[in-house]
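Chains G and L supply the protein sequences, listed in that same order.
Under the numbering used here, the residue at position 124 of the first sequence is numbered 127, and the numbers go up by one with no gaps.
Under the numbering used here, the residue at position 131 of the second sequence is numbered 135, and the numbers go up by one with no gaps.
These aren't lab readings, by the way, just hints derived from the structure by calculation.
Sample of chain G residues facing chain L (criterion: CB under 7 Å; computed from the structure): (1) P23; (2) A30; (3) F34; (4) F41; (5) F45; (6) A54; (7) A73; (8) P140; (9) Y144; (10) Q159; (11) V163; (12) G235; (13) Q236; (14) S239; (15) V243; (16) A262.
Where a beta carbon is used, it is the ideal one built from N, C-alpha and C, also for glycine.
Each chain is listed here by its residues.
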Amino acid sequence: MLVNLLAIYKRELRNYFVLPWAYVIAAVFWFINGFLFFSIVFGDDGVIRNAQFNDLQASSGIVAGQYDAAYQVVTVFLATVGSLALFILPILSMGLYSEERKRGTLELLATSPITNWVVAVGKLLAVVTFFIGLTLPLMVYIVVALSAATPPVSTQLIFVGYGALILMAASVLSLGMFISSLTDSTIVAAIATFGLVLLLSLIDLIAKSPTMIGQAINQIALIKQYQEMIQGQVTSSGLVMFASYIVLGVFLTAQSIEAFRFQRS
Amino acid sequence: MKAAIKFCLKYAVFLGVGLASAGLIAGLVSGNWDIVATGLIIAGIVLMGVWLLFIGRLGAPNQPNFWQRRSTQVGTNALVSTLSVLAILGLINFVAVRNVYRADITETQQFSLAPETKQVLKGLKSPVKMYLFTRDADPNDRILLDRLTGQTKQFSFEYVDPQTNPTLAQRFKLKNDLVNKDVFLERFSHFENRPITQLVQSINPEVRLSESKIVNSLIRVTSDRRPKIYFLQGHGEKSLKPGKQSISAAVKGLTDRNFQVEPLSLAQTGEVPTDAAVIVVAGPQQPLFEPEIKLLTEYQRQGGNLLVLLDPRTETGIDPLLKQWGIVLDNRLAIDASGIGKQLNLGPAAPIVQTYSDHPITRSFSNSISFYPYARPLEILEVPNVRPNPIVITNDKSWADADPDAKPVRFGEGDRMGPLPIGVALSRVVLPTATPSPTTANAQPSPSPSPSPSPTPVSPSQEARMVVFGNTGFAMDGYFNQAINGDVLLNSISWLSQDDAQPLSVRPRSVKNRRIIPSQELVLGLFISAVIMVPLLGLITAIGLWWRRR
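Here chain L stands alone, though its shape is the one from the complex (with noise of 0.2 Å):
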């Protein structure tokens, strides 16, 4: 019996490092230590405990007791230094994974928030939290989440199982599925007096959380207004839904950066909306109407902001409006030779353009190209009080072709050599009076100003905006979404509506465009060092080596 006992007592240990280690990994696989995880953990070290206790009465009678031996005091010697330097290096690595410094020696910082994106988190004014409804953390996205919650306080983020916490889960209304899960930004709209929430995306395992759709969402969820912009229609403008003809990638672009889409007939309704923050006239093919003209222009005095795109070859009336800012159409077809184009299938008639000046809408393009099929350029004349910018120049083998019909195209008489302006973002101050004053009747054509009611814009603004492109193509389906085209029409639109807190371009990172190219001789070089020469030197000193111990 005693024997029985005492064999139960020597191998408790076993049984007890058992149990425990059972206990740890039910705890760490399943994620939660619950009664059982945590029970048997305790099991175990009560019976490792009671192991220790009885060592000393188990050893041969003759030698020394367990706990009076040498060795004994020298190996708990050893075991307590060696757990202090385990507890020692934990809590290092403990700080560590708090307070991480990370640095991103990659060309294009591709494991670096956007500035854009900086720029958003550093303006948050009031508490945004995220609520990712998942159990499952991507470690990819705790990167993400971790570079964003870096950069200010005000954002925070919390995973959330929404089967132990489903009155969170049916305040957000989740959709969850058994693979997409959601996630939610929240912010208490003071003005409201309500929280605001706004569905980021829902992530899966192959679709992870994103940068761009985070601060998209950002943004919605921190303004408290939609800016309203009106696309003219009824003279054969581009079309707002899918088809033919279509800019429906833009109009969702625009809905996508918070912007409420409208479109707008200005010969039914006989005055322009009193909430239009921009106005687009994108690409007619019939002259607008002289009322309509004059509409657009008394709404640019009070300050309006008019987007204008405009085909080349096409009569569209709207002459003398630009006139007023110091633009005139040239009739002529802008055409590029530099070759760039062929990389990306376009002809001589689709200039590219990688050169930007200096403008709020163009700030963050560096070299990056777009693209303008079928383009007409402009002329910039001097007009008191408006500030001209040519946003988008042509390149220098570039030139407007009078007779592009002719083969080949080629510089000739009646060109006019690049660089050619084809986009031009333009300001004016707006005076204080709304009664038209001399000098700015000057500068105007109709010396009677329409009797129509006035609209007042929504915002008193400092200044009138007008953003023309002697061009259509590059804001229409199927060209919008390649290069920075897209980038180019929404943050002219941006600026336009002169909402400052609207960010500007966020894309993915992508990489440096490289290539290697190399001769003939380094690549047979390279295999016949790399594959047979260094090995079978190492094979040769080794049957030498082994020659000589012989």
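Extracted from the complex, chain G is given alone in its bound form (with noise of 0.2 Å):
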């Protein structure tokens, strides 16, 4: 069963490394990216401006004049990132499942001896890996910058941060991955995948009711989990939300393969 997992894990990985898209997605990704940590850093409106600023006023006795800079950095940058990364994440997942059915290939795949689950659980390691790929360099850009912190910072932060990050990515992975295990075109999926990341992100907004439909909604909302993460807040009912994001499209996935060998049959 794991050389299974891991044989499926190496054929879609290797997938991405040899198609030139995924390098343009990532050039763009880092070049964006690269320009907002320079900006939220260095920039005009940036943190370290804003903490003269907030020296200055705190000569003068307006405010209290605590600032911590590399907290700023650490939670501004990574709630971009997250932002970011939720118009990446629908392309990455959407090709998972839609481009075999649309070459065919995944009649291969459904009625291969490999458990459908293997599969899926393959396919969204090595996308999860991919994108790990693709964040990396932004949080040596992180621990870089923060090298020049006084007094010196501690990098739990960052790897808490980094951490929320890559389960929110996984969580949309694994639904986009559902998603696309139901079409053969890539741009529904996509699109569709989009949609659902939207729904989840707004979500938060209608969870305002003290009812216990409203702390439901409370619990399901991604993003607002994402945001509390990354400012150093983690709690076991959100790690619990992921994991069942993650577990749920997995689930779907496989359901979904599993229908389609019979539709077929």
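Could you use the hints to bring the two separately framed chains together as a complex?
Structure, rendered in structure tokens:
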């Protein structure tokens, strides 16, 4: 089983590294994020400027003058990367199954002795790995910039924030994978996934009511949980929510491929 | 006719799904599941059920019945397993929401309750309930409330819609308007045999629940008495009313902490009020009269508590009283040459204090800054039965300057090298007999105690307490709310009042002060790699791969 998983994982990952469009996406993603990172830290309205402005106000006694520049960099930048990732993630997940459907290789995969959920997990792991590769340089930027922090900063927040980013990405990719297994058009898969992501990110707007329903909606608000986590609040319920999304996506994908097999047979 | 019915049945499912979703959304958005929402959902479900029943008869006649098809069976299996997985995940999440474990990985524990808050909550002996008269439960408020309820079973809260529960709203005399919504605490007092209510604050979309306000209200609602703090008047002491040379901010801070503040003119009353928890002598400019000193001495001998704030280079006549406690006033001015004060726009005559001794007053301060503009140092002599504790001490680069008018100010002849104590907390065991015994008489300069009616303290305490500051500036308006100056004074009075249920400092959590100071090379290096090199690398690889594929 583990061998099969590894085989699927390797095959999928190789796909990404030989496809030119994956690198184009990476280049665009890196450029936008690099630029935003630079302006968040060093820009005219950036963290360093804000710190100076804060000192100026503190010297005239307007504000208390406490300002953690490193914390600001980590939270603001990770929030930015998170919202940009929401545009990239549907593109990463759109081809996971619909590409196979279009090329007709899904029959082979569906009827092969490898169980459906192993295939799904392998594909998900591969695309998450690709996303980690995509975001790793950004974390290096943060670490380098924070090396100039006085007093020195602990890297705990960066690791937790990055973990949150990966968890959120895995959740979206898992659901995106399911949507991709429903259609043989990659564009439809991408748009539908993006719609779903939009719904999940807007969901906390209607979670205002104090009833149990409101609480339930609050629990499934993906982006809200992510934002809490990058600020340094880790909750058990948040982690359970991310895990639920991932499991749900994998399960639904396996079910959908099962149904596909019976439709054909 | 038959075709029309068939057509209706065939598409009933869409209508059913539509009605059910309309009902769900109506219920979710409005937050209440009234007849309209539930009715729509039930109608939708009935329509879908009808469609399911009749679906078997709608298929083409030459195909097997819908319910007998193999795909239907497989589909039903899939449906059942999908629904059960959804139910299991929902259940797990439900349990997770009910039992939340929170880890706060920020350095200053921004998202955790202050230790003082936990202390107050753990100390609750009877149930206290919070009523929030609003329908809008802010998620951040909920997080705070969950943290509070997580500490103790005695604290609970309830969101109340004032429109649906007018009797409750009336009991609390609500002042809700369109934006501001009141929050109350309620506790049933067995002592007074009635519920005690306390307004916490009014919340609106901008002003959310505040931990500090909740804690202060909790203290107020749980304590049955309000200790009285008397401020001595009549010798040019700092004014209690807002204005010049005023300590009105401190007075407000005290009232917020459930103290009653009263002025006291000893020359007029001729005796110390029996309900005085603490007497404050705040920066007199003229000397106190002899009888007043005697009254205060007698008050202290009975276990009274005194806070003395004194300005440099003023004669107050209180020295003999202080001498009994082993405190001698230094006539020099405390100078701080460390330069830390420049960040706060303070000169060398305002010593910055960052080190505090271990004492209930200062225990929660760690390394926070307080400062004392124009301070006179104190000297501590050993006196039997008195335990002195220098709570506020200047730093190593400070001294007491005998001639501060000389320019430039530097350490010279007649100066005393720091660190200098500016604030001292003292306690003395009170002997059980009211008449002065020979041993205590030794320590007293006045051999004959005044024959005035001796005041009896409210609660016969075991010790008399005193806090002396060689400074009034830190307590005055303008400085009181800066740094932790206010906490120094409020905590001192809390300790003096000997009401150990009074919590010490509760301040909003602040972040650690940290800056990023990058070198030119770092900025340039980051710009080149982040904005140019890394994206370019991706682009070149893409072009290379595309070229090879051709």
